[in-house]
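Keeping their order, the protein sequence lines are chains A and B.
Counted from 1, the first sequence has number 6 at position 6 by my numbering; the numbering is strictly sequential.
Counted from 1, the second sequence has number 142 at position 25 by my numbering; the numbering is strictly sequential.
I should point out that these hints are in silico values taken from the structure, not numbers from a laboratory.
Glycine included, each C-beta is placed from N, C-alpha and C at the ideal position.
One or more hints might be untrue.
[Claimed, not checked] Just the calculated beta-carbon pair ranges, DEER-fashion:
1) Val130(B) / Lys41(A): 20 to 30 Å
2) Met15(A) / Glu172(B): 22 to 32 Å
3) Glu172(B) / Thr16(A): 53 to 63 Å
[Unchecked claim] 25 Å max Cα-Cα, derived BS3-like pairs, lysine-lysine:
4) Lys41(A) / Lys219(B)
5) Lys154(B) / Lys22(A)
6) Lys158(B) / Lys38(A)
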Amino acid sequence: DTEVTQTPKHLVMGMTNKKSLKCEQHMGHRAMYWYKQKAKKPPELMFVYSYEKLSINESVPSRFSPECPNSSLLNLHLHALQPEDSALYLCASSQDRKAYANTGELFFGEGSRLTVL
Amino acid sequence: EDKVVQSPLSLVVHEGDTVTLNCSYEVTNFRSLLWYKQEKKAPTFLFMLTSSGIEKKSGRLSSILDKKELSSILNITATQTGDSAIYLCAVGSGNTPLVFGKGTRLSVIA
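Chain A extracted, bound-state conformation (with noise of 0.2 Å):
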């Protein structure tokens, strides 16, 4: 089992909708991230946190918007989406002190699939 969990494991919403996916972790990691993965394509980064700011954000449009409340916590708020945002969205955390270069482990969570209508 993974040690990043990630809730709702999957979510149908429609262009109007406002939803959040949100991410825990309780291995003291201090680096969190959002990727956004298509079908039969690489994960693609979204969003970096290291110790709880944000630390890159790699052009996602407005309409998605992370928050990281405390260490152990990242959430994505989802807003007007659009049906090609439809992906499967994956958190994951890893133990490097510099987040916005890191170089170890990316431990994923299981991801919340979104289907955009």
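We have chain A; now place chain B onto it with these hints.
The following block gives chain B in isolation, referenced to the frame of chain A:
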């Protein structure tokens, strides 16, 4: 721009075959190379390599890094249908977040 290239992009083999997957990279200030296996959900960690020429093994899987050739290989011996997955290679440079290759899709048929 940092780049990671995996080959082949896809591969079909029969159970019992041995396969070799390749990962080559162009990064400034190389620090580490990681291999992951991804089935239907999240990638699972296989190996992290930092030193050239030292083989890492786990059961039927093994991997080695060649810093002169800027590459790594992942070997799987006596393949089983459960080895069917996408194998991802990622490189850490200490300058940017991990850079992922596009993956190799391995299908093992009985």
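Evaluation of the provided hints:
1. Against the hinted window of 20 to 30 Å, the Cβ-Cβ separation of Val130(B) and Lys41(A) comes to about 23 Å, which satisfies the hint.
2. For Met15(A) paired with Glu172(B), a C-beta distance near 51 Å fails the hint of 22 to 32 Å.
3. Checked against the given bound of 53 to 63 Å, the beta carbons of Glu172(B) and Thr16(A), roughly 54 Å apart, stay inside it.
4. Taking the CA atoms of Lys41(A) and Lys219(B), the gap is near 6 Å; set against the 25 Å cutoff, the hint holds.
5. Taking the CA atoms of Lys154(B) and Lys22(A), the gap is about 24 Å. The hint holds against a cut of 25 Å.
6. Restraint check: the Cα-Cα separation between Lys158(B) and Lys38(A) comes to about 12 Å, which is no more than 25 Å; the hinted pair holds.
Hint 2 from the list above is the single one not met by this structure.
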